[in-house]
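*Asks:* The lines below spell out each chain.
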Amino acid sequence: MNHTLTFTHDEKQASVTVPTNTLLTDAAHLAGIDITQPCGGQGRCGRCAVMVTEGTVRRRSTLRLSPADIEQGYALACQTVVEGDVEIFIPPQEKIERRLTTDRVVAEVTVPADYEYPFAQTVRRVHLTLTPPSMDDQTDDWSRLQTALRLQHRIENPTCSLPLLRKIGSTLRQDDWRVTAIIETSRPSDHATTRPSDHTTIRLIDLLPGHVDEYSPLWGCAIDIGTTTVTLWLVDLVTGQVRAQVAEYNGQIARGEDVISRIIYANKNGGGDELRQRVSGTINSLLELACKRIKLPQGKVTPDQVVKATIAGNTTMMHLLLGIPASSIRLSPFVPTVNHPPMMTGRDIGLNVNPEAAVDCLPGVASYVGADITAGVLSSGLDSAENVTLFLDVGTNGETVLGNRDWLVTCACSAGPAFEGAGVVNGMRATQGAIEEIWINGETLEPTYRVIGGGKPKGICGSGLISLLSEAFITGVIDKGGNVNLSARSPRVREGAHGGEYVVAWGAETESGEDIVITRVDIDNLLRAKAAIYAGFTVLAENVGIPLETVDKVLVGGSFGKYINVEKAVQIGLLPDMDWSRFEFLGNTSVKGAYYALLDWRKRERITEIAKRMTYIELSADNSFYEAFTSALFLPHTDLSKFPSVVEALSSKIEGRTSFDR
Amino acid sequence: MPIEIPKDKWPGSIRTVTIGATSADGGTRSKTVTLGGYTTLPFMHFEAPMSNPPVIAIEIKSRKPDDWSPLLFEAWGDVMNDPAQWAKKAEETGADLLVLALTVEDSVEDAVKAVKSVLSASGLPLIVWGPGQAEKDNELLVPIAEATKGERLVLGICEDKNYRTIVATAMANGHLVQARTPMDVNLSKQLNILISDMGMPKDRILMDPTTGALGYGIEYGYSVMERLRLAALQGDAMTQSPMIVTPGFEAWKTKEAKVGEGVPEAWGDWKARAINWETLTAMALIESGADVVVLRHPESVRRVREAIGELVMA
Chain X
-10 MNHTLTFTHD
0 EKQASVTVPT
10 NTLLTDAAHL
20 AGIDITQPCG
30 GQGRCGRCAV
40 MVTEGTVRRR
50 STLRLSPADI
60 EQGYALACQT
70 VVEGDVEIFI
80 PPQEKIERRL
90 TTDRVVAEVT
100 VPADYEYPFA
110 QTVRRVHLTL
120 TPPSMDDQTD
130 DWSRLQTALR
140 LQHRIENPTC
150 SLPLLRKIGS
160 TLRQDDWRVT
170 AIIETSRPSD
180 HATTRPSDHT
190 TIRLIDLLPG
200 HVDEYSPLWG
210 CAIDIGTTTV
220 TLWLVDLVTG
230 QVRAQVAEYN
240 GQIARGEDVI
250 SRIIYANKNG
260 GGDELRQRVS
270 GTINSLLELA
280 CKRIKLPQGK
290 VTPDQVVKAT
300 IAGNTTMMHL
310 LLGIPASSIR
320 LSPFVPTVNH
330 PPMMTGRDIG
340 LNVNPEAAVD
350 CLPGVASYVG
360 ADITAGVLSS
370 GLDSAENVTL
380 FLDVGTNGET
390 VLGNRDWLVT
400 CACSAGPAFE
410 GAGVVNGMRA
420 TQGAIEEIWI
430 NGETLEPTYR
440 VIGGGKPKGI
450 CGSGLISLLS
460 EAFITGVIDK
470 GGNVNLSARS
480 PRVREGAHGG
490 EYVVAWGAET
500 ESGEDIVITR
510 VDIDNLLRAK
520 AAIYAGFTVL
530 AENVGIPLET
540 VDKVLVGGSF
550 GKYINVEKAV
560 QIGLLPDMDW
570 SRFEFLGNTS
580 VKGAYYALLD
590 WRKRERITEI
600 AKRMTYIELS
610 ADNSFYEAFT
620 SALFLPHTDL
630 SKFPSVVEAL
640 SSKIEGRTSF
650 DR
Chain V
9 MPIEIPKDKW
19 PGSIRTVTIG
29 ATSADGGTRS
39 KTVTLGGYTT
49 LPFMHFEAPM
59 SNPPVIAIEI
69 KSRKPDDWSP
79 LLFEAWGDVM
89 NDPAQWAKKA
99 EETGADLLVL
109 ALTVEDSVED
119 AVKAVKSVLS
129 ASGLPLIVWG
139 PGQAEKDNEL
149 LVPIAEATKG
159 ERLVLGICED
169 KNYRTIVATA
179 MANGHLVQAR
189 TPMDVNLSKQ
199 LNILISDMGM
209 PKDRILMDPT
219 TGALGYGIEY
229 GYSVMERLRL
239 AALQGDAMTQ
249 SPMIVTPGFE
259 AWKTKEAKVG
269 EGVPEAWGDW
279 KARAINWETL
289 TAMALIESGA
299 DVVVLRHPES
309 VRRVREAIGE
319 LVMA
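These protein sequences, in sequence, are chains X and V.
No gaps in the numbering here: position 571 of the first sequence is 560 in the working numbering, and each next residue is one more.
No gaps in the numbering here: position 164 of the second sequence is 172 in the working numbering, and each next residue is one more.
Pulled out of the complex, with its shape left as it was, chain X reads as follows (with noise of 0.2 Å):
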């Protein structure tokens, strides 16, 4: 018996009669409309969705549609049949992408809404008129300044540093006695009195001649110095908004991927001047990038416009940057110099910003716990959780915490950069050009692929990496083991330099023209990462006796990406085999933890409140790190009951996997 089918796309409509049980991608192909099916039409990516408003359909599988979806008509044109006449809506790509399930969107950035700069900020701007000396008043330019301030503003004793000092006096006298100070308090008044506390210090940290604008943007800047990537925020204090964003790798990786060759290193002759440099080079070629961003009518934004940074980062990464010794970090009993660092200038660290801005390092916990922790827990709200939650920090350290606002424990385990797309051949960061995600055809095994700003591909990112191993695993082209299936019948298996590989993207169609490919090596070191990560939460929960399904959230932070498929992140043993739902991706936390401690001293205060808290579990004391790691090196894991979402994908896929093995 045929049918009538009409398809509406893109505004467009399109007619073609058809039999009964006529696939609907099918019939769209006859009408002359190509429905993307990455997957391959298995009905596993879910991209094809199409609403059926009007007319009889069979769905053969609805796996990646919600109840409420197939409410609204919503079915997967490569598993549904005509049973009879049937309109059928296309809807947009984009629209599609927004539905389903699997993904999740880092959270966007927005100034708290609490933030109000005159109470929250530690630093501020003031306009000051000063009498002019005469001969009848001799008093000094600096006492001249801190009368007006005393008396305009209420500040009292501030102190000035001598470079500073040198230049007052010409500064005062450039616009007739008007003045802008920026000044830092320690401890802001508080809303009720505005009295200011007994141990608040007060610096001037810059004076300007003239009254500047007030609503004009005085900027600040949250830096997460990773092993791996630095990122870098430029914020305007006034409103709080960040109005730049930039990342770089690590300018240290020349030097050593993890923490513990970056001190070996840095305990060389020389060794601890150069990474600090190094580190401080990439920092300040991030603040110029971010500069160059932000276009104001007022004129260029230069970096020693910047008075304030906060800074995250692990233990290491603090000491390497402040050129305090590391070595103690990496020898029993793995003490660190300092965990919580002292106020400083941008001159005693050597950035770029205003030699005399306010350089904030954020509090650690321990050697293998830093300030990237502590500012992860507070920006993701861990430490006010009502129920059990779980972080990670989805980096190179792969640290950990599970609690909630009642109690913290946490551990960290070397994960290595694999998942910052860092030591994988074509691997890089996710920006513009990275392949950010990555579907293979199970029966083909050719591969569709997104590439972050639309154009050519340079790389893969972290989430595109996720993404590629699952595929890889689920259709067969590696094994359970991570080994590439040479047997499998297709010409983007073969043998590389390195062993068996992959090709994601042949060389005509990437910017480079090399072929992008994952090799043996890169899924070694991919599944170390996840093993490493998946292992430490495992022992972890069980150290606490906190059975890991009962944990009512899991909060992801890391930086490979704007989104990572949960679904595909699970199917590689990443993350724990739970209800999607209780994902939430977070990006990275580390720098969004600086940016709240810049902007508010309260946020600031609890951070340290965090480090506190915080119970720190050493992860080498016993075996069962090991055991759990060697365990979990492998897809998915060892334990297959572990994982019942997968081996139910897997069963479905056996006949796939069977076809191409000779």
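No wet-lab data here; the hints were simulated from the structure.
What you are looking at is a predicted structure, and each value in this text was computed from that prediction instead of being measured.
You may find that some hints are simply not true.
Claimed, not checked - Negatives, chain V to chain X, calculated, CB over 10 Å:
#: 1; residue: Ser38
#: 2; residue: Val87
#: 3; residue: Asp114
#: 4; residue: Ser115
#: 5; residue: Ala176
#: 6; residue: Gln242
#: 7; residue: Gly268
#: 8; residue: Gly270
To be verified - Among the chain V residues that face chain X by a calculated CB cut under 7 Å, a handful are:
#: 9; residue: Thr36
#: 10; residue: Lys39
#: 11; residue: Asp168
#: 12; residue: Met191
#: 13; residue: Asp192
#: 14; residue: Asn194
#: 15; residue: Ile201
For glycine and all other residues, C-beta sits at the position ideal for the given N, C-alpha and C.
Given the structure of chain X, go ahead and fit chain V onto it with the hints provided.
*Replies:* Then chain V, alone, in the frame of chain X:
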């Protein structure tokens, strides 16, 4: 007062695996060897019978080895020049089955010929090891598997980086495989999963957890085997394969067994020491759950056989 011995009731059992096929089953072996099939830790007769006690394989080589101890040359003599004669003598010595280890010098023709000559010289079930280089192993084992279709040989050695070709040819030609992993419970299990994923029936896989000789890490190997056995008895299907270990190879690598000169006088008689080393290594592994021990010296074979007999009777 009567003492009640506590008994464990295990939910899992060791899988029954048969090596070799007689003419009734499409092979030419005069006997077969069956392993596993029990539900207890080794020799805990009060819990459950040890239905198939451990067996002894003797290792022979396709060419006379140049790196074995003089004591082994003395024990075997001229038969080492011909795998068929060596096989016959090993059978007479009391082996339950044979291991034929190929060498890198063997061409495909040499290897196939050696295997066939061993099969016709001895009726015992046979395990064939490639020389231990992935490419060469695959090159030799595929034609051997095809030339001996239906014999239920054990082909080895599969490792996690090189198992596909060996498993595929074993599956196609009715043989078994030996799956070796470096002394780790999880790795053993993982390789078993990988091999089963290819469609290999589980009763055609032997686990080789690797071990060390007495004084050279045996306690680590012992512990891994014991944990594998406990996991199997607790019902983990991927650790229930019978275990094969190579105490002969390990013990004869040690300085104590291999050389008689330039060692302290207090070490005593060389030959006695060497055989003790191999025997004690093998017995410790049998106690930890080994189902097949691969030995080298005829005297060790005699002693281990006697010890197994006593343990079975006890």
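*Asks:* For each hint, tell me whether it holds in the structure or not.
*Replies:* Against the structure, the hints:
1. Ser38: Non-interface label stands for V:Ser38: nearest chain X Cβ at 35 Å, farther than 10 Å.
2. Val87: 40 Å, holds
3. Asp114: 24 Å, holds
4. Ser115: Consistent with the label, V:Ser115 stays out of reach of chain X, its closest Cβ about 24 Å off (over 10 Å).
5. Ala176: 7 Å, violated
6. Gln242: Given that every Cβ of chain X is farther than 10 Å from that of V:Gln242, nearest at about 12 Å, it holds.
7. Gly268: Check passes; 39 Å lies beyond 10 Å.
8. Gly270: 38 Å, holds
9. Thr36: With Cβ-Cβ at 29 Å, over 7 Å, it is violated.
10. Lys39: Where the cut-off is 7 Å and the nearest Cβ of chain X is about 35 Å from V:Lys39, the hint is violated.
11. Asp168: 5 Å, holds
12. Met191: 11 Å, violated
13. Asp192: Status holds, d = 6 Å.
14. Asn194: 4 Å, holds
15. Ile201: 6 Å, holds
Violated hints, listed in ascending order, are 5, 9, 10, 12; each of the other numbered hints is respected by the structure.
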